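To convert, note that position 83 of the sequence shown is 83 in the numbering used here; the numbers rise steadily by one, no gaps.
It is possible that part of the hints are untrue.
What the hints assert, rightly or not - Straight-line alpha carbon distances no greater than 20 Å define the calculated SDA-like cross-link-like pairs of lysine to any residue that follow:
hint	residue 1	residue 2
1	K206	Q228
2	K208	E156
3	K60	T85
4	K206	K236
5	K88	S106
6	K208	K138
7	K43	K98
8	K91	K43
9	K232	A217
10	K255	A217
11	K251	S57
12	K47	K206
13	K114	F161
14	K63	S84
15	K138	E226
16	K95	I83
17	K47	K138
18	K232	K206
19	K54	T85
20	K260	A213
21	K47	K219
22	K236	A217
23	K214	F161
24	K240	N199
25	K236	E226
26	K214	D164
27	K47	D130
28	K50	S125
29	K193	K240
30	K50	S106
31	K95	S125
32	K117	K98
33	K219	K187
34	K206	E258
35	K187	D130
By construction, these hints were calculated from the structure, which means they are not laboratory data. Source: prediction; values computed, not measured.
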Amino acid sequence: MRKFIKLLSALLIIALIFNMTGCKKQDKAQKKPQTSQKTEIPKELTKIEKDIEKIISEAKKIKEKPSSTSSKKDSDKDKKKEISTNEKSWKEIEKTVKDIHSNWNSLNPIVTKKGAKLNLINSMSAAINDLTLVANKKSKIDVLIYANGVYKYIPELEGLFSTDPSLDIKKLKFYGQDIDFKSEIQKWDEISKDLMDINSTWQTLKVKLPKEAKSTAEKFEVSISELQKTVKSQNKVLTKVKAEVFLKNLKSLEKVLEPKK
Numbered sequence: 001m002r003k004f005i006k007l008l009s010a011l012l013i014i015a016l017i018f019n020m021t022g023c024k025k026q027d028k029a030q031k032k033p034q035t036s037q038k039t040e041i042p043k044e045l046t047k048i049e050k051d052i053e054k055i056i057s058e059a060k061k062i063k064e065k066p067s068s069t070s071s072k073k074d075s076d077k078d079k080k081k082e083i084s085t086n087e088k089s090w091k092e093i094e095k096t097v098k099d100i101h102s103n104w105n106s107l108n109p110i111v112t113k114k115g116a117k118l119n120l121i122n123s124m125s126a127a128i129n130d131l132t133l134v135a136n137k138k139s140k141i142d143v144l145i146y147a148n149g150v151y152k153y154i155p156e157l158e159g160l161f162s163t164d165p166s167l168d169i170k171k172l173k174f175y176g177q178d179i180d181f182k183s184e185i186q187k188w189d190e191i192s193k194d195l196m197d198i199n200s201t202w203q204t205l206k207v208k209l210p211k212e213a214k215s216t217a218e219k220f221e222v223s224i225s226e227l228q229k230t231v232k233s234q235n236k237v238l239t240k241v242k243a244e245v246f247l248k249n250l251k252s253l254e255k256v257l258e259p260k261k
């Protein structure tokens, strides 16, 4: 009987040891950080972003005033050529705006399910509608400003699917383009607000940059400083030039952050 009790006790101790070991392994497994899966950005959102860039590119081609330096014959010829080029660009803009409406219609329920706030949904819809109306009026500067107004919401929408530092790059791109386009109509109060947002976004992005981006980042930081000085002077020609330099240096910074292939 005693032998049986001893054997039973030994078996219970062994079973208890195995149970404790199993619990520890389970705890370790639970404590292991889970790798977050990268959610792919919907193709509709990527297409809208490309379409906005296309509209801005086409609008920049449009010449609002025919050349007046050439002879009468050459002037008429140039004028017809400019009208033909302008019409082609406006048709392309009109078609692309319709594509944006179509893709936004498909994207809307996707971002809603992903947790997009109603204010973001409504703001994006309103921005697209505003762009449609100004495109119909064929005002170059308005199309540039309102196309960029749609671009404003791209980083926030992409943020529902990714936390990549490129989202901050896109925010900076919006502010830089806003300054570039609005300097033409001298909206200095709005431009000053953009500068404040540039500084805030840059402080957030700067701490995320890798060491190899240091040189490019320093160059970009100088372009921010130069842009600030120019805006204070409220000179639209200089502000436009400095805004373009800012955007060029931002593109260089974006390239440094691109994943190595």
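Numbers of the earlier hints that this structure fails to satisfy, in rising order: 4, 5, 6, 8, 9, 12, 15, 17, 18, 21, 22, 23, 32 and 33
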